[in-house]
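Enquirer: Go ahead and model the full structure; you've got the sequences and the hints to work with.
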Amino acid sequence: MTPVKTAAARTAEGAIVFTDIVGFTEFTALRGDEAALDLLSAQDRIVQETLDEKGRVVKTLGDGLMLWFSDACTAVRTALTLQERFEKHSQNEDTPLWVRMGVHYGRPAQRGEDLIGHDVNVAARIVTLAAPGEVLISETCTPEIGEAGDIELEEVGPTVMKGIPDPISLYRATWA
Amino acid sequence: MSTRHRLPEGARIKAVTASGSILVIAEEREDVAIEPETRHVGLSEDGHRLEIKSKSSSLEIRCPIGTNVSAGTISGSIELRGLLGTVKASAVSGGIKIDRANGDVDIRSVSGSLRVESCGGECNANTKSGNIGLAHVGKAARAATISGSVQLGTGGQSEVLVKTISGSITVRVPEGRYPHVRFRTLSGRLHCDCPQGTDFEISAHSLSGSMEVKAE
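Quick mapping for you: the protein sequence lines, in order, are chains A and B. Letter by letter, the first sequence follows residues 1 to 176 in my numbering. Letter by letter, the second sequence follows residues 1 to 216 in my numbering.
Since the hints were derived computationally from the structure, they do not count as laboratory data. Every value quoted in this text rests on a predicted model; they were computed, and no experiment measured them. Using N, Cα and C, we set each Cβ at its ideal position, and we do this for glycine too. Be aware that one or more of the hints could be misleading.
Stated by the list, open to error - As a list, the in silico BS3-like pairs of lysine-lysine whose alpha-carbon atoms are at most 27 angstroms apart:
1) LYS162(A) x LYS139(B)
2) LYS88(A) x LYS59(A)
3) LYS88(A) x LYS54(A)
4) LYS97(B) x LYS139(B)
5) LYS139(B) x LYS88(A)
6) LYS214(B) x LYS139(B)
7) LYS97(B) x LYS55(B)
8) LYS55(B) x LYS88(A)
9) LYS97(B) x LYS214(B)
10) LYS162(A) x LYS59(A)
11) LYS53(B) x LYS97(B)
12) LYS214(B) x LYS162(A)
What the hints assert, rightly or not - Each pair of labels, with its calculated beta carbon distance range:
13) GLU34(A) x GLU27(B): 57 to 63 angstroms
14) ASP94(A) x ILE25(B): 45 to 51 angstroms
15) ILE164(A) x SER58(B): 17 to 23 angstroms
16) ASP94(A) x SER2(B): 30 to 36 angstroms
17) GLN196(B) x LYS88(A): 24 to 30 angstroms
Expert: As structure tokens, this is what we get:
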């Protein structure tokens with residue numbers, strides 16, 4: 001059987017951010033669809049207000065988002081800023097916009113406007129271990145972040161993830 | 001059959017296994033014994049970590065008292081017995097159980113339960129669907145779970161922050177300490193039989209879970 005020849009995949013180097021609203025299903029069951037839509041609208045508004053030209057929303061995934069940034073520092077700074085704004089919204093509006101985030105730096109394959117591949121899968125796994133309000137990043141982000149004076153990193157230990165062959169060291173990012 | 005390794009002063013143990021469990025026992029000894037025998041053991045380049053890797057087998061590691069440990073697994077559980085230093089551990093479907101740590105603790109799992117008997121430092125515990133039991137935390141404590149419950153005993157010196165979606169929250173406060181309790185919820189209820197004051201802050205959020213603050 002002759003192997004099918006495919007064109008080399010177009011890739012992009014940068015930081016992938018996954019977000020997830022914690023307890024969205026339970027919130028919807030408690031407060032109803034209209035309140036759930038309001039919560040998503042609030043998230044969308046805050047994200048659009050916060051993203052600058054260095055970042056974009058790749059796609060929405062239910063109550064979560066996949067974001068893309070050209071560099072890790074911008075990705076983590078934006079994630080931390082988003083967390084501050086989500087927290088402020090939660091306090092002011094009395095609705096729990098509790099969001100967790102995972103950030104990974106890599107070279108995913110481009111498929112139109114979408115991104116796919118191993119690095120996207122890693123970023124998606126990282127978010128599952130983050131707490132509400134937390135930004136967890138992989139060690140691939142740390143060389144760049146290490147030089148930024150405004151971000152503090154705390155290692156949270158080695159992590160082995162389903163479908164990812166090698167353990168990954170994760171770090172909690174906070175403002176310095 | 002076990003292998004023995006020297007642990008440089010101040011170095012920590014970093015143990016990972018994909019599908020096995022990890023048991024760490026801190027005891028009166030100077031070296032580190034690992035069972036079963038594994039070739040995937042070595043000091044990190046900077047000499048700060050003794051790294052132990054296994055793909056599928058469970059690991060039993062015996063180490064000196066007060067050792068700093070970080071551990072990770074997917075489907076197995078993690079258990080740490082005896083007095084450790086700082087502990088960082090993560091699992092996916094397995095639970096994490098820690099006897100005593102005199103330093104900070106950070107533990108997280110996707111669906112497993114988390115249990116710490118005693119933590120002398122700050123404690124972070126995060127799981128999606130498991131229960132969280134932190135019997136005694138000396139400094140700041142943070143716990144988050146979606147459907148599980150949280151039971152937490154605070155030393156009454158530093159802030160306590162708890163988030164759940166539907167699980168109940170119980171915080172035990174030592175006698176003679178008077179917390180300021182803040183509880184935000186959509187449908188849960190607060191029961192506090194502890195006199196309030198300004199000694200430290202207990203801040204809890206839950207969508208539908210209730211909260212109880214008990215004086216010990």
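Enquirer: Are the hints correct? Go through all of them and say.
Expert: To see whether the hints hold, each was checked on the structure:
no.: 1; hint: LYS162(A) x LYS139(B); verdict: violated, 33 angstroms
no.: 2; hint: LYS88(A) x LYS59(A); verdict: holds, 24 angstroms
no.: 3; hint: LYS88(A) x LYS54(A); verdict: holds, 24 angstroms
no.: 4; hint: LYS97(B) x LYS139(B); verdict: holds, 19 angstroms
no.: 5; hint: LYS139(B) x LYS88(A); verdict: holds, 26 angstroms
no.: 6; hint: LYS214(B) x LYS139(B); verdict: holds, 18 angstroms
no.: 7; hint: LYS97(B) x LYS55(B); verdict: holds, 21 angstroms
no.: 8; hint: LYS55(B) x LYS88(A); verdict: violated, 43 angstroms
no.: 9; hint: LYS97(B) x LYS214(B); verdict: holds, 24 angstroms
no.: 10; hint: LYS162(A) x LYS59(A); verdict: holds, 23 angstroms
no.: 11; hint: LYS53(B) x LYS97(B); verdict: holds, 20 angstroms
no.: 12; hint: LYS214(B) x LYS162(A); verdict: violated, 39 angstroms
no.: 13; hint: GLU34(A) x GLU27(B): 57 to 63 angstroms; verdict: holds, 59 angstroms
no.: 14; hint: ASP94(A) x ILE25(B): 45 to 51 angstroms; verdict: holds, 47 angstroms
no.: 15; hint: ILE164(A) x SER58(B): 17 to 23 angstroms; verdict: holds, 20 angstroms
no.: 16; hint: ASP94(A) x SER2(B): 30 to 36 angstroms; verdict: violated, 56 angstroms
no.: 17; hint: GLN196(B) x LYS88(A): 24 to 30 angstroms; verdict: holds, 26 angstroms
Checked against the numbered hints above, the structure breaks hints 1, 8, 12 and 16 and satisfies the rest.
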